[in-house]
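Place chain X on chain Y using the hints.
Protein chains in written order, with the working numbering: chain Y, -7 to 224; chain X, -7 to 224.
Just so you know, these hints were derived from the structure itself, not from any lab.
Errors might be hidden in some of the hints.
All copies of an identical chain are treated as equivalent in the list; a pair is satisfied when it fits inside any one copy or across any two copies.
[Said to hold, decoys possible] As a list, the in silico BS3-like pairs of lysine-lysine whose alpha-carbon atoms are at most 30 Å apart:
hint, residue 1, residue 2
1, K45, K211
2, K211, K107
3, K211, K88
There are 2 protein chains.
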Amino acid sequence: MKILAASTSTIYGQEYLAYLEDAIVDFFGNARQILFVPFARPGGISYEDYTAKAAAVFARLGFSMRGGHAFANAEDGVAWADGFFTGGGNTFLLLKTLYDTGYFTAIDAAVRNGKPYMGTSAGTNVTGLTIGTTNDMPIVYPPSFNAFGWLPFNINPHYLDPLTGSTHMGETREERIHEFHVQNTQPVVGLREGSWLMLQNDVLQLHGIHTARVFQQNKLPEEKSPGKGLDL
Amino acid sequence: MKILAASTSTIYGQEYLAYLEDAIVDFFGNARQILFVPFARPGGISYEDYTAKAAAVFARLGFSMRGGHAFANAEDGVAWADGFFTGGGNTFLLLKTLYDTGYFTAIDAAVRNGKPYMGTSAGTNVTGLTIGTTNDMPIVYPPSFNAFGWLPFNINPHYLDPLTGSTHMGETREERIHEFHVQNTQPVVGLREGSWLMLQNDVLQLHGIHTARVFQQNKLPEEKSPGKGLDL
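So that you can see chain Y by itself, here it is in the shape it has in the complex (with noise of 0.2 Å):
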């Protein structure tokens, strides 16, 4: 499988995916035709919107790009796609849409059969084994919290170290995944927005200018490098 699962698509004062154009134009390599996973909705944009938006940075590096709404079935669309882009938003929606439409399954097949699938934010939360550890609200139930399960745990995006100071009453994201341990068994790799995680060739790695947060049940949380292989 051959995976790109960032944390954002944005960094704070960039353009949308700017900071991630090399990277695309390397890992989809001659994948031209990408398909867009609208589903995840950021602040309820339309699909046609969102897909709008993300196409224009694609047409720009070479790609040709279509959103998943726009076919008349999951099958039609995987087949026309040669790799997967699922742009971020409300992970809860973004997981029921891909089940109610039927793309959970054929984009799984794909991607599972070789063709590239990138993801920020919410489309990363759905590369791990569930969406356990997103930070989104959960506006719509979905059938189940199961994900792809293409990578080996769960990823919590946006991952952010506790504030000093804070007076706020409120769970710390390590706090929350503690709790999230007590229940769950998985590691969580907290990404910081700046890194992605790449699966290729069955090697795992860290990019990006931070170091990745991993938490294991019951071990204390260890801080992973760039560049070296992640073995989770």
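Only chain X this time, still in chain Y's reference frame:
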């Protein structure tokens, strides 16, 4: 119905439930046997330890408290109780365990028949229509997101105003609630830490030192002041 729904159990720099002690004494009144619902397990705390923590406060205020897990079944626990207190923690875990144990149905019937119910944080989330506006991670999969629906809206506890100057690209609380309203019609009450809602004699009032932020679909958010009736 008689409901006290607090944003948080604990205000920064204070002891557990300290700011609510006068309200607790007034609210429960002659209801002296209070069933504690420990299922949300903040930080993964055990049912026993969590119940002991709450019972220490309630005992000092003159109430007898037992944990819901200590009864043979939900019917026995609810029959013993003159009232209920559900503590905070993880809302998904709370709701799933309420369903799994039978406490959901039993507590719902008792509260609709007049027994007082107090919740903090996750315990407050479940007083509304659904848990669709919780801030928690979906660490377990409940059989439904439907909550008790005693209050005819959703609640967002620990409501946070946008941080000025933040460079984090995750959604603000207000953006998340907007995304909720693209998919759902019910109002959402953003309840700041230190605020609580009280429903008594069919009158709903906001208490505490803060205004609450009320979100309605297709309307601008409004700030509501404490002390007046909230008409939602």
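Status of the hints after comparison with the structure:
Only between protomers do K45 and K211 lie at most 30 Å apart by alpha-carbon distance; the minimum there is 26 Å, versus 41 Å within a single protomer. Taking CA atoms no more than 30 Å apart as the test, K211 paired with K107 passes in neither setting, with 35 Å inside one copy and 43 Å between copies. When the C-alpha separation of K211 and K88 is checked against a cutoff of 30 Å, the pair qualifies only between copies, where the shortest distance is 26 Å, while the shortest distance within a copy is 32 Å.
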